[in-house]
Amino acid sequence: MLGAATKRKTAEERQGRMSDSSAVTATSTGPVTAAGRPAKTIEARGVNLFYGDFQAVEDVSMTVEPNKVTALIGSSGCGKTTFLRSLNRMHELTPGASVKGEITLDGEDIYGAGVDPVAVRRLVGMVFQQPNPFPTMSIYDNVAAGLNLNATKVSKVQKDAVVERSLRGAHLWEEVKDRLDKPGGGLSGGQQQRLCIARAIAVEPEVLLMDEPCSALDPVATLAIEDLIGELKSRYTIVIVTHNMQQAARASDVTAFFNIEATGKPGRLVEAGPTEEIFTKPTKQETEDYVSGRFG
Amino acid sequence: MESSAHSPVLGQVQTSRLLSGGLGWRRRSVNVVMTALIAGAFLLAMIPLFSLVFEVAKRGIPGLSLEFFTSDARGVVGGGGAAHAIVGTLVITGVAAVISVPIGIMAAIYLNEYGTGRLRRALTFFVDVMTGIPSIVAGLFAYALFELFLGPGIRLGVMGSLALSVLMIPIVIRSAEEVLKIVPNHLREAAYALGTPKWKTITKVVLPTAFAGLVTGVMIAIARIVGETAPLLVTTGVVDSMNTNPFQGRMQNLAVYAYNEYRSPGVMKQASYDKAWAAALTLIAIVMILNIAARFVYRRYKTEIR
Chain U
28 MLGAATKRKT AEERQGRMSD SSAVTATSTG PVTAAGRPAK TIEARGVNLF YGDFQAVEDV
88 SMTVEPNKVT ALIGSSGCGK TTFLRSLNRM HELTPGASVK GEITLDGEDI YGAGVDPVAV
148 RRLVGMVFQQ PNPFPTMSIY DNVAAGLNLN ATKVSKVQKD AVVERSLRGA HLWEEVKDRL
208 DKPGGGLSGG QQQRLCIARA IAVEPEVLLM DEPCSALDPV ATLAIEDLIG ELKSRYTIVI
268 VTHNMQQAAR ASDVTAFFNI EATGKPGRLV EAGPTEEIFT KPTKQETEDY VSGRFG
Chain P
2 MESSAHSPVL GQVQTSRLLS GGLGWRRRSV NVVMTALIAG AFLLAMIPLF SLVFEVAKRG
62 IPGLSLEFFT SDARGVVGGG GAAHAIVGTL VITGVAAVIS VPIGIMAAIY LNEYGTGRLR
122 RALTFFVDVM TGIPSIVAGL FAYALFELFL GPGIRLGVMG SLALSVLMIP IVIRSAEEVL
182 KIVPNHLREA AYALGTPKWK TITKVVLPTA FAGLVTGVMI AIARIVGETA PLLVTTGVVD
242 SMNTNPFQGR MQNLAVYAYN EYRSPGVMKQ ASYDKAWAAA LTLIAIVMIL NIAARFVYRR
302 YKTEIR
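Residue numbers (my numbering), protein chains in the order written: chain U, 28 to 323; chain P, 2 to 307.
Simulated from the structure, these hints should not be mistaken for lab results.
All C-beta atoms in this analysis are idealised placements derived from N, C-alpha and C, irrespective of residue type, glycine included.
Incorrect hints may appear among the rest.
Among chain P residues calculated to face chain U with C-beta under 7 Å, some are [stated by the list, open to error]: (1) A191; (2) I203; (3) V206; (4) L208; (5) P209; (6) T210; (7) A213; (8) R264; (9) S265; (10) K303; (11) T304.
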């Protein structure tokens, strides 16, 4: 019952957005996902994030462009992850957390009245820092979890196709195709993270959020994931939070630098722009100091 | 501290900070003494347990026989068995579990996943109070409740089950809450990030992950209440014949049976006493089997959470 209601809402949301073409950033061809839907733009305007009375993020306004990788960089505790989690309405799951400001997914405010957070999260997927495959499920069931848990009715044949496509998309198919029924926890760290990515893309979201996806992995696995991100951006809009500046320089198209004045103060967006510019000729001194390693 | 060691090269006495020397001897002997004391205390604590099991086995085994397990005590004088009591215990405990487990687990889910603020604190407080209810009070409660609707002197198997579930529910809630707390939050977050509603996250992710712990908790709760005598004395009555219907008539059970055989032995006193001991032995065996089964289930079904 619940699943049907939210599915309907999702279709309505998409209808609304597709008809409001002025909100899509003007490109002649229009970016598309593999399913043929336009990849989404996220616009944040005046976003302030709180944990109870404590303000964690202050007045962030930026645009996440479709089919590009946007990296959020900055030192620890400056609000990057908090901001990321507000983009798919995960921030409010923390007791006492609140959001002020506007965040729109291609013109539609995701915090608007009547918007179902569950529907938002189906359109904006997330991969976490620590790989977290479901331990009770097999590899197959982990990838299909998005379908199973959302009561999407698909036949076994369709599900097999989705699982294979997602695992291929995550560059994990060759390694696990013979042991799809083995538990999801029995893989190496890098494989587990790719499994989580496969799980996230199996539901065909429009935007993929990644919270330091490589920080728990070794350099070989990190490289594999970065290559994967480079491929995925043709189908999804990707936002990645990273501690590692070099990773941002390697893997992203747009970089947003967050900073915090002192502990206890809220984090701010200092500067956002094409990665090349941020790293070679940033406009703010703070950014220059951070990317040249004078602090961080 | 420092001790001397002759260096073979220089032929001189050299002090080493790494060897412990004189004070080390004292520390080592204190270590040995404390280990002996602790081991001794453990053995001392085990003595009553072993002596209990030994006594019950010694006195109970003569009462065991095929007849004990297969026939009830209807119409016999001095003979007969305890089959009706064994079946009664299983039925009463089974119905109590059917009542307690859903209520207990759902309450634990509420307390752990949904509850906030004052209501949660109040519920936790009441659960704590319930864990301390004397078993006879639970029995009197069940009796009073049924007497309201069915008149005085009513005795039914299901009344016993109700009394036992009053005792069992807080145990199930406590252990289920602990197990649910252990399920890491990042698994819930992974499900939410896929766009899963909260109730589905609980049924499809949290409960399966906690499954082994929940089953173990339930089995241990059952083992706790299977031997309760006081509440059953006032609710299920004493009867000699087999009754498998908890909603009709009195039902015998092992605990009350043992009590009865001891308190009002038949014409052949020793036979009655033997049967009482045998019933006690059977109860201990049931508890042991449940505990072993709980361990087995846990090991077989537990999920390794990295």
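Now the hints, each set against the structure:
1. Checking A191(P) against chain U: minimum C-beta separation of about 4 Å stays under 7 Å; hint holds.
2. Nearest Cβ of chain U to the Cβ of I203(P): about 11 Å, over the 7 Å cut. The hint is violated.
3. With its C-beta approaching chain U no nearer than about 6 Å, V206(P) sits inside the 7 Å limit, and its interface hint holds.
4. The restraint placing L208(P) at the interface with chain U is violated, with a minimum CB-CB distance near 9 Å, outside the 7 Å limit.
5. The beta carbon of P209(P) comes within 4 Å of a beta carbon in chain U, closer than 7 Å, and the hint placing it at the interface holds.
6. Restraint check, T210(P) versus chain U: the minimum CB separation of about 5 Å is within 7 Å; hint holds.
7. Interface restraint check: A213(P) against chain U, minimum CB-CB distance 10 Å, threshold 7 Å, status violated.
8. Look at R264(P): its Cβ only gets to about 51 Å from chain U, farther than 7 Å, so that hint breaks.
9. The beta carbon of S265(P) comes no nearer than 53 Å to any beta carbon in chain U, farther than 7 Å, and the hint placing it at the interface is violated.
10. The interface hint given for K303(P) is broken, as the beta carbon of that residue sits about 10 Å from the closest beta carbon of chain U, more than 7 Å.
11. For T304(P), the suggested interface contact is upheld, since its CB lies about 4 Å from the closest CB of chain U, less than 7 Å.
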